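Enquirer: One letter stands for each residue in the lines below.
2 protein chains.
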Amino acid sequence: MEAKNLDRSFEKIDEYWAPRVICSIEDFYLKIAKISGEFTWHTHENEDELFIIHRGQMVLEIEDEKVGLKQGDVFLVQKGKRHRPVAKEECEIILLEKKTTAHTGDVVTAHTRSIEDQLRSI
Amino acid sequence: MEAKNLDRSFEKIDEYWAPRVICSIEDFYLKIAKISGEFTWHTHENEDELFIIHRGQMVLEIEDEKVGLKQGDVFLVQKGKRHRPVAKEECEIILLEKKTTAHTGDVVTAHTRSIEDQLRSI
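First to last, the sequence lines map onto chains Y and S. The numbering of the first sequence is my numbering, which starts it at 1 and goes up by one. The numbering of the second sequence is my numbering, which starts it at 1 and goes up by one.
If you're looking for bench data, these hints aren't it; they were derived computationally from the structure. Treat the hints with care, as some may be off.
Identical chains share a label here; the pair holds if one copy fits it or two copies do between them.
[Claimed, not checked] With a Cα cut of at most 25 Å, we get these calculated BS3-like pairs of lysine-lysine:
id, residue 1, residue 2
1, K31, K79
2, K12, K88
3, K4, K70
4, K99, K81
5, K98, K88
6, K99, K88
7, K4, K88
8, K88, K31
9, K4, K81
10, K79, K12
11, K4, K79
12, K66, K4
13, K70, K12
14, K66, K98
15, K99, K31
16, K66, K88
The structure presented is a predicted model; accordingly, all values stated were derived computationally and were not measured.
With the rest of the complex left out, here is chain Y (with noise of 0.2 Å):
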């Protein structure tokens, strides 16, 4: 593996809630996403899932709670809480998921990502 960079990386997105797959480690995939406006709701029943905040904020809401997360934050959002990222603003977040994390979960909606998609080379 080359270095990657991640802020090189993310120039390159041009695409709100579509996420990009940096490296792979053992069975996890980190990935980037720029974010913007609500997500779909939806629950990963057999994974958790780590979000870092790399420029931005973002609001997780996580059943009946809302989370704030500013630059630099960390949040693990537990396996089976439904969930949706909410950003009022453009924020770019660092994702790291177990490989067989389907990105909307339990649900397929118009925002809905294919892995083959998230790895297509950035």
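Assemble chain S onto chain Y, guided by the hints.
Expert: Relative to the frame of chain Y, chain S by itself:
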């Protein structure tokens, strides 16, 4: 879990080469460390190790190769590859490691930190 902030956590680190666990996800730990100088040559026979440069720059010496890394760079050291990080000046790094990964791999030196030490709250 509450959100943790990488910058606030780095501010609390007052020792080089002493990783601290930020959070656990499945069988991995996300860790942070401040580094300066030359680390111990070592190998993780069974675990890949992911480096993300949070601030500063460093060189990963991997067998006969030297990989220069700067802020925002992501690099995977593959299992079985003998390596050591070197930083001319203070550098802040994020590490993603299996929970089974020993700090200095196959050797024990003055650098070696136990997992209990790394798990102290930060």
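Enquirer: Evaluate each hint against the coordinates.
Expert: Each hint tested on the structure:
{"no.": "1", "hint": "K31 to K79", "result": "both (18 Å within a copy, 21 Å between copies)"}
{"no.": "2", "hint": "K12 to K88", "result": "within (21 Å within a copy, 31 Å between copies)"}
{"no.": "3", "hint": "K4 to K70", "result": "both (23 Å within a copy, 10 Å between copies)"}
{"no.": "4", "hint": "K99 to K81", "result": "both (18 Å within a copy, 24 Å between copies)"}
{"no.": "5", "hint": "K98 to K88", "result": "neither (27 Å within a copy, 35 Å between copies)"}
{"no.": "6", "hint": "K99 to K88", "result": "neither (29 Å within a copy, 36 Å between copies)"}
{"no.": "7", "hint": "K4 to K88", "result": "between (28 Å within a copy, 21 Å between copies)"}
{"no.": "8", "hint": "K88 to K31", "result": "within (21 Å within a copy, 30 Å between copies)"}
{"no.": "9", "hint": "K4 to K81", "result": "between (31 Å within a copy, 19 Å between copies)"}
{"no.": "10", "hint": "K79 to K12", "result": "neither (30 Å within a copy, 30 Å between copies)"}
{"no.": "11", "hint": "K4 to K79", "result": "between (29 Å within a copy, 19 Å between copies)"}
{"no.": "12", "hint": "K66 to K4", "result": "between (32 Å within a copy, 15 Å between copies)"}
{"no.": "13", "hint": "K70 to K12", "result": "both (22 Å within a copy, 19 Å between copies)"}
{"no.": "14", "hint": "K66 to K98", "result": "within (24 Å within a copy, 30 Å between copies)"}
{"no.": "15", "hint": "K99 to K31", "result": "both (11 Å within a copy, 21 Å between copies)"}
{"no.": "16", "hint": "K66 to K88", "result": "within (14 Å within a copy, 42 Å between copies)"}
Hints 5, 6 and 10 from the list above are not met by this structure, while the remaining hints are.
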